[in-house]
Amino acid sequence: MLTTVLIFLPVAAALAIWILPLSRFAAGSFALLVSLVEVGLWVDLLIRFDFASSQLQFAQQTSWISSLGVSYSVGFYAFSIWLAGLSVVVLAAAVAYAFWVGRERARAYFGLMLFLTGAVIGVFTSQDLLLFYACFEAMLIPLYVLVGVWGGPGRRAATIKLVIYTMVGSLLMLAALIVYGLDEGTFDLNAMGPSSNTWIFLGFMAAFAIKAPLFPFHGWLPDAYRKAPPEVAAVLSGVVSKTAVYGLLRIVIAKFPGPVGDFRVPILVLATVGLLYGSLLAFRAPDLRGIIAYSSLAQMGLITLGLFAANDLGFDGAILQSVNHGLVSAALFLLAAMVERRTQTGELDRLGGMARGRPLLATVLITTGVLALAVPLSSNFAGEFLVLAGVFQQGWAWGALGAVAMVLAAMYALRLISAVLHRDPGSAVSDAALDLRPAELGVVVPLVACLLALSAWPAAISGHAFGGNQAATPTVTKQAKSSFQNEARAAGPRWAARCVVLSRPNSDAIGAPCVLTSHSPNAPQQRVVISK
Amino acid sequence: MIHGPHVDWFALAPSLAPLAAAAVALLGSVLVPRSWRSPFGAAVAAAGFVASFVFAALLFAQSPHGEPVVAGAMARDRFGAMAALIVAAAGLLVIGVSYGERLRDHPGEYYALLAAAGGGMIFLGFAYNLITLFLGLEWFSIALYVLCAIDGERERSLEAGLKYLVVGSFGSAILLFGSALVYGATGRLGFAEIAAATSAQHLTGDALLVGGLAMLLVGFGFKTSAAPFHMWTPDVYEGAPTPVTAFMSAATKTAAVAVMLRVLLTAFPAEKQLWTITVAVLVCASLAVGNFGALAQTGLKRLLAYSSVSHAGFLLIGVAAGNRLGTEAVLYYLIPYGAMSIGAFAVVAARERELGTDVTLDNLAGFGWERPLLGAAMGTFMLGFAGFPLTGGFMGKFLVFSAADEAGWWWLTVVGVAATALSLYYYLGVIRAMYMRPAEELQLAPAGGSPPRELLLQTVAGTCVAITVASFVFVQPLLDLAQKAAESLPY
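Protein chains in written order, with my numbering: chain A, 60 to 591; chain B, 26 to 516.
Think of the hints as simulated: they come from the structure by calculation, not from any bench.
Partner residues are not named here, just some residues of chain B that face chain A (Cβ under 7 Å, in silico):
hint, residue
1, 414
2, 426
3, 427
4, 430
5, 435
6, 439
7, 442
8, 449
9, 461
10, 501
A few chain B residues facing chain A, derived, Cβ under 10 Å:
hint, residue
11, 412
12, 423
13, 456
14, 460
On a predicted model such as this, the values are computed, not experimentally measured, just so you know. Beta carbons are placed, not taken as given, at the ideal position from N, Cα and C, and that holds for glycine.
Start from the sequences, fold in the hints, and give me the full structure.
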């Protein structure tokens with residue numbers, strides 16, 4: 060029930076804002092209040108969440124299209140709770156910033172932001188493939204309007220590019236999910252068995268590769284991140300891109316073990332290329348938002364590396380790094396917005412020397428920048444380390460290339476800091492430009508504080524992303540596994556029990572992590588390790 | 026003395042009610058004082074459609090087992106009743122759109138023709154032999170020819186009427202010729218008897234029968250405005266008075282697709298191999314022509330006309346699947362599709378009356394902000410046409426694609442998906458025109474003063490939004506209805 064409230068509270072609030080004749084101030088403060096209530100609900104959820112269990116929690120299921128096996132089914136796994144938390148925090152910051160800036164046409168704007176919140180939470184909680192698709196697409200409606208109406212010059216081309224790119228991917232996913240769902244006879248993600256169909260796999264992969272984006276599907280990214288209103292860009296890069304991570308993990312990796320194994324190397328290559336290429340572009344970008352946009356491309360490559368490393372280190376690292384990158388890029392986009400408000404430009408050539416007389420801006424920007432470059436002891440360092448350690452097990456070269464990218468990250472992050480804060484004051488920087496105002500601090504400091512808290516205890520996420528503590532992961536013997544599989548074959552294709560080895564498809568290696576899906580549609584997957 | 030067959034008046038009631046209303050409305054245009062003619066005509070026609078809706082609902086409830094009635098000329102079954110429900114609801118909504126239209130000195134005739142056309146479409150849905158098929162088709166087509174040309178002072182309206190008359194008659198003639206060939210091959214008129222005769226006389230693949238089937242398909246292609254028989258659609262949709270266009274896009278399509286399903290499934294089960302692939306070709310052509318055509322349009326009515334061609338393609342995917350899920354999917358899809366098209370044309374009508382000129386993408390600028398309710402409604406319809414979730418348009422596409430996949434035609438799903446991707450550009454273009462361009466870019470000043478407040482039209486737009494969204498949330502109840510209706514046909 061709490062999950063449903065978390066999804067529909069902002070949607071209901073959006074409808075209220077659209078319908079009621081509220082003033083700009085009333086609409087903004089109401090939206091902010093609802094966003095903060097969302098954060099509160101999420102904290103409540105977090106406190107009550109049982110991380111020792113790997114079951115689906117706070118689950119709710121109601122039949123929707125019974126003749127096709129589609130249901131309204133929502134709930135939280137451990138990793139989805141962290142992504143949902145990232146969403147509510149970043150969206151609350153974005154709403155707060157928009158409220159402070161005083162966006163035109165406030166009722167439409169805040170309604171759309173709240174609608175987006177509901178859709179994003181829907182993506183992170185849906186346990187039904189069609190519901191997932193509906194939420195995944197529903198996100199695009201507010202984004203299209205938010206970028207197209209409130210964006211900067213050139214916004215119309217940017218928004219149409221954003222929507223058409225992502226919709227093409229999504230529609231391929233729609234075709235794939237129809238074939239997959241009808242084959243399985245159900246759309247319930249917890250009841251669908253794995254598939255070995257490469258085409259279906261590619262359909263899903265296309266949607267998430269574009270959404271993330273993964274090199275070379277990032278054509279929409281630079282325009283969208285530059286022309287969107289900054290707080291929407293923060294949501295796009297911080298939150299919306301993470302829906303692709305969720306999709307890759309929950310659907311692609313969990314349901315297509317065979318094709319994932321076949322395509323592992325090409326995907327790792329693309330991820331690595333994206334990581335290096337994005338980092339280089341970020342280093343060369345002429346403007347603030349360009350740096351953040353391309354660094355997002357790079358970071359999504361890194362997260363993909365972690366996901367397709369296909370071991371616990373990689374998965375834990377990918378989730379941790381998703382949260383880190385979400386918070387960092389949101390904070391950076393908001394800081395960039397604050398700089399742009401003071402200078403009317405994001406061009407690095409015309410910026411500089413802003414540290415003098417603006418200690419708060421300097422402190423916050425340097426802190427965020429240093430976290431972004433993954434300095435040791437930061438949570439980003441922990442995340443990147445886990446990812447690289449994970450992908451190292453696939454081959455040392457991946458790890459080595461990833462390490463090179465970490466150096467590049469340091470280069471572009473330092474370039475950003477020095478271009479804004481240091482050097483001689485740029486032509487666009489006037490002495491009249493104020494330091495950060497308390498309200499601006501109120502927006503951005505919580506994000507940085509979350510990052511610092513995670514730096515102190517990264518295992519809060521990396522150790523609690525997949526339920527059940529690692530030491531207590533149950534084991535199955537090779538023999539048990541094969542008998543389990545035989546039993547599954549006897550039980551027929553649907554509701555079948557299957558053992559999906561995560562590290563290598565159908566590997567019987569001792570110690571290989573493995574997911575068991577049992578007969579009952581209600582019993583979720585169980586993570587085990589193969590023993591003797 | 027010749028004994029007439031037993032007439033099941035109850036089965037005829039849904040189509041007779043609007044026809045009676047048409048007669049009363051015509052009388053009213055003579056007897057009622059001039060200033061009262063328009064409200065009188067509208068009220069009578071609305072009453073006719075409401076009565077038809079109620080009769081159709083009763084018929085649906087009381088005919089769980091389909092049976093031929095009136096000497097086998099009509100089928101009394103849930104399939105026809107469901108089509109009647111959709112057409113009657115569409116007629117009612119269109120009256121709300123029509124009420125604000127400047128009908129000059131013949132409002133009574135307008136509403137009478139509208140009701141008569143609705144009655145014909147409903148009758149067509151129950152048609153069970155080749156004669157009633159042609160009768161129903163001509164009944165509503167002739168009413169529509171006049172309706173298209175009713176705005177006699179506008180040259181374009183006359184042109185639309187004439188064009189529709191010429192091309193429509195051509196389509197009807199081909200259909201009639203096809204019927205004659207089928208009759209010649211089988212010696213039977215009734216749909217079920219044609220199927221029985223085909224299998225009894227081993228006529229499968231018979232040249233006369235196949236030729237007749239092909240001509241029937243051409244006739245249906247004209248009425249559903251499926252490519253390559255769509256040439257009339259853009260011109261007629263653009264030239265006809267907007268409420269008439271709304272009625273044609275929603276109700277004509279419903280009646281034509283319904284009768285197509287019935288004829289193909291009931292009369293030609295033996296030729297299924299042939300007609301499924303033919304319809305699939307029509308699907309591909311419609312999707313290509315509709316979507317590529319719409320990309321180039323600046324006039325909103327033409328754009329929606331091409332969108333209607335492309336939607337004929339999407340609906341026919343369900344026909345091409347030729348299975349039970351396909352029929353259900355089509356019957357379901359017609360509900361949100363009808364609501365979206367009537368709603369979209371209602372918004373066009375509102376803007377037209379505001380500006381006093383044709384609505385183009387350019388002069389939509391700022392519309393969304395000026396008229397928030399209509400703008401949001403139009404946005405919803407466009408998202409629905411494009412198949413975004415939270416609208417029934419998404420569910421409709423999902424269901425027809427599922428039907429195609431179930432029939433083993435996954436490539437048709439892929440074609441549909443590609444067409445949907447293409448359609449995004451122009452559907453979102455409408456939203457872009459309404460919201461993302463400031464009104465200062467407007468080339469044309471509004472006709473002066475604040476726009477007229479049309480409560481009725483806004484209610485219709487709101488109702489259409491409600492249907493569009495509700496059909497997404499409550500799929501299963503609607504699908505249950507469609508399931509029951511689909512059981513009337515053999516597979």
